[in-house]
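What follows is each chain in one-letter form.
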Amino acid sequence: MRSANSIRPLTVRKSLLLGALALGGLLPIAAEAGDAVIPIASNQTENGANYLTKIWVTNQGGVSRGFSMKFVAADANGVQARPTPKVTVRPGATVLLNNVAPAGRPGMLIASGAPQLVLSARLEGAGPNGAAAVANLPVITGAQVAVADATLLLQGLSRRPSGLTTSIHVVNAARQTATCTLKAFRRNGQQIAGNMTITNKPLSLRSFEDALGVLNENDIVDARFLISCNKPFYAFARVQRTGTTELEFVAPSATVGRAPSLSASLNQ
Amino acid sequence: MKRPLLTGILVLAAFAVVAPPLRAGESFVPIARNQPNGSGTSRTIIFVTNLASAARSYSTTFLTAGANGVVDPGPTTNLSVAAGQTIRLESGVPPDSTGMLRFDGPADLQIDARLEVSDTSGNVLSESRLPVLSPERLTSAGETLYLLGLTRTSDGKPLTDFGVANLTREASSCTVSAVRSNGQTIGSAATFSLQPLSLRDFPEVWVTLGVPEIADARITVSCNKQFTAFALVYDVGGPRTAAVTPGGLLNGTLEPITRPGEVIFKVPGDFLIAKNSDSFRSYRIPLVPNLQYQKATIDFDMYLNKFPNGLFTGVTSMRRAHRDRHQRIFYYGIQIRNDNKKTNLDLGDEVLVRSGGGAWKARTQYHMHFEYDTPSRRVTLTVTTGGRQTLSLSGPAQTLELVDNGNAVSVDFGQTGIADGAYFPPIGWVYSNLEVKFEPKEN
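Here the protein sequences come in this chain order: A and B.
Reminder that position 227 of the first sequence reads as 227 in the working numbering, one-by-one numbering, no gaps.
Take the position in the second sequence, starting the count at 1, then add 1000; the result is the number in the working numbering.
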């Protein structure tokens, strides 16, 4: 019997032929941007409830440190956004910012500052009857941003006649214009409508309010969106019944055993 | 949380010990509850979507808070998700329980989790998405996590439950401090131990600390093994629920974090359904030219339909090409003997590691996990089915030259035809969900 090694030449020869076909744009990608993104900057009243973004900043260092914020309105070019005056945090202290967005204008925030600063954010809603809704918001850095051509999944999304809606948001984390594709699916895997292709300005937020309703899905649960962009990006959903305690921030799903931002796929 | 824990003496942990990382194909939801909450119920709900073109199976194991998740795991649920479908798992956590959930499954299953508070009629009162943790995003031993913006008003609202999870298979030690917004520490730092794969849950942490009212406080956590921490902030009866995850440091950019030179190569779905006319796939890994890599991890799923007629089946290999066959590198290969009496882990240079018999079954789905690790000079194959390990083979790496020097490194599956009358292609077998990761050598 021959050694099993003897089969090598067969496969090696074939591998050289097919190898070139397998190359995707998967080499490390040079994306650019600020230091961190808070994906929802809100000071908006909807259905009688005021939704406010709160940001806590802690200085874990031994000397005072500063940071600034840029508010990027939805659909605006974030490269052109202007920073706020610098805020200083004393060593060991925490400051709370709750006036980070202009009234009535949805958008996102780009935070820049010293590496000793830690940020955390929440979206809080105060309803007309005192009802309070709250959702933790991620602080998006390179650990959450997906590489170009990856696909992110947002799942467990709903639209009910009772007023529960889902909005879909795509953050372009690059300083170049991006093209993104959105696909919606029912829980049985059936695609809702066709693929939607959008263009995102540099460092921008594109938002699609009541995305399932717009697609004529007025009573649906456990739907999902698949989102892919040709530049580094992030996507999220906001599921809520405005004016009530129902409010959810939906981040991209995790692949079993792997963070959602890390993988680039060949054949999505 | 018992008060003495938080008033204990700060103990410096020995951070030098390196814990085994999470296994590939493994993820955790660290907040798993099914408990009364006022007149309603707080319940963790899991969403699983299968992006593959065939059904996929996975298992969910509930790890009770405080228990050793390695020696005393809770109930396991095995489920299958049809191709393209999303399922909602509402029964993964036993009644009146709190803990965390461990997932084991193929890489084309996508998971999300929600904590939902509902009343007795099933009406949703509030909800919060929950973190799902994978190996890359765990906090390393010795790092510090910060849970910010924690508050308790004079009316006792909201409640804050604090949790720390040890996500390694060794015991760990963690140190926790609570700090006011002005930087003043509340009491002394506390150090406590965690069992392997376990969650320590500290309900109503401000009550435990004797703090009736506080605003914008934080909890800092550090452990000597990979870990995570969270605060669950909520009102009794459900009108407000938020899973507060660790704050983010302003120490980077928005550039996606893959370590410089790190390459992740993925082919989701079925990539080879071997038949007589088409029984081979080869993927060149797009490594950074001339960059030395220290570790390669290769994961894929494999459906073994039936054993071919020949003596062996050529299953998979990793190689580096060269025009001169004597300059080619054969990193590893797997051949299964078709009478199921042994499996060869072929390491090149006539080095074979052989298993015993009976490792495989026809018409069975397997997950294959290879590690080519140059620091330890080991090549390891781990095979699992249904979340259970069925085979492990390991042997010495014959070369440390894990580099694309202009000659392509490829991973190959099956073979084009019958070689030497003995080595047969895996006709009828299905290969899917390839994920290859190359980690560059650290300087």
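The hints are simulated quantities; they were obtained by calculation from the structure and are not laboratory data.
Idealized CB from N, CA, C, for every residue including glycine.
Among these hints, one or two may not hold up.
Said to hold, decoys possible - A few chain B residues that don't get close to chain A, going by computed Cβ distances all over 12 angstroms: (1) 1045; (2) 1077; (3) 1428.
Said to hold, decoys possible - In silico lysine to aspartate or glutamate, DMTMM-like type, Cα no more than 20 angstroms apart, as pairs: (4) 1306(B) x 1339(B); (5) 1157(B) x 1213(B); (6) 1361(B) x 1339(B); (7) 54(A) x 1278(B); (8) 183(A) x 124(A); (9) 1157(B) x 222(A); (10) 1306(B) x 1278(B); (11) 201(A) x 222(A); (12) 201(A) x 1213(B); (13) 201(A) x 124(A); (14) 201(A) x 149(A); (15) 54(A) x 1442(B).
Hint-by-hint comparison with the structure:
1. 1045: violated (8 angstroms)
2. 1077: Consistent with the label, residue 1077(B) stays out of reach of chain A, its closest Cβ about 15 angstroms off (over 12 angstroms).
3. 1428: holds (19 angstroms)
4. 1306(B) x 1339(B): At roughly 11 angstroms apart (the allowed maximum being 20 angstroms), residue 1339(B) and residue 1306(B) satisfy the hint.
5. 1157(B) x 1213(B): Judged against 20 angstroms, a Cα distance of about 9 angstroms means the pair holds.
6. 1361(B) x 1339(B): Judged against 20 angstroms, a Cα distance of about 11 angstroms means the pair holds.
7. 54(A) x 1278(B): violated (57 angstroms)
8. 183(A) x 124(A): Violated: residue 183(A) and residue 124(A) sit about 29 angstroms apart, past 20 angstroms.
9. 1157(B) x 222(A): violated (32 angstroms)
10. 1306(B) x 1278(B): holds (17 angstroms)
11. 201(A) x 222(A): violated (30 angstroms)
12. 201(A) x 1213(B): violated (45 angstroms)
13. 201(A) x 124(A): Between residue 201(A) and residue 124(A) the Cα gap is close to 28 angstroms, so the pair fails against 20 angstroms, i.e. violated.
14. 201(A) x 149(A): Measuring from Cα to Cα gives roughly 17 angstroms; hence the hint holds.
15. 54(A) x 1442(B): violated (39 angstroms)
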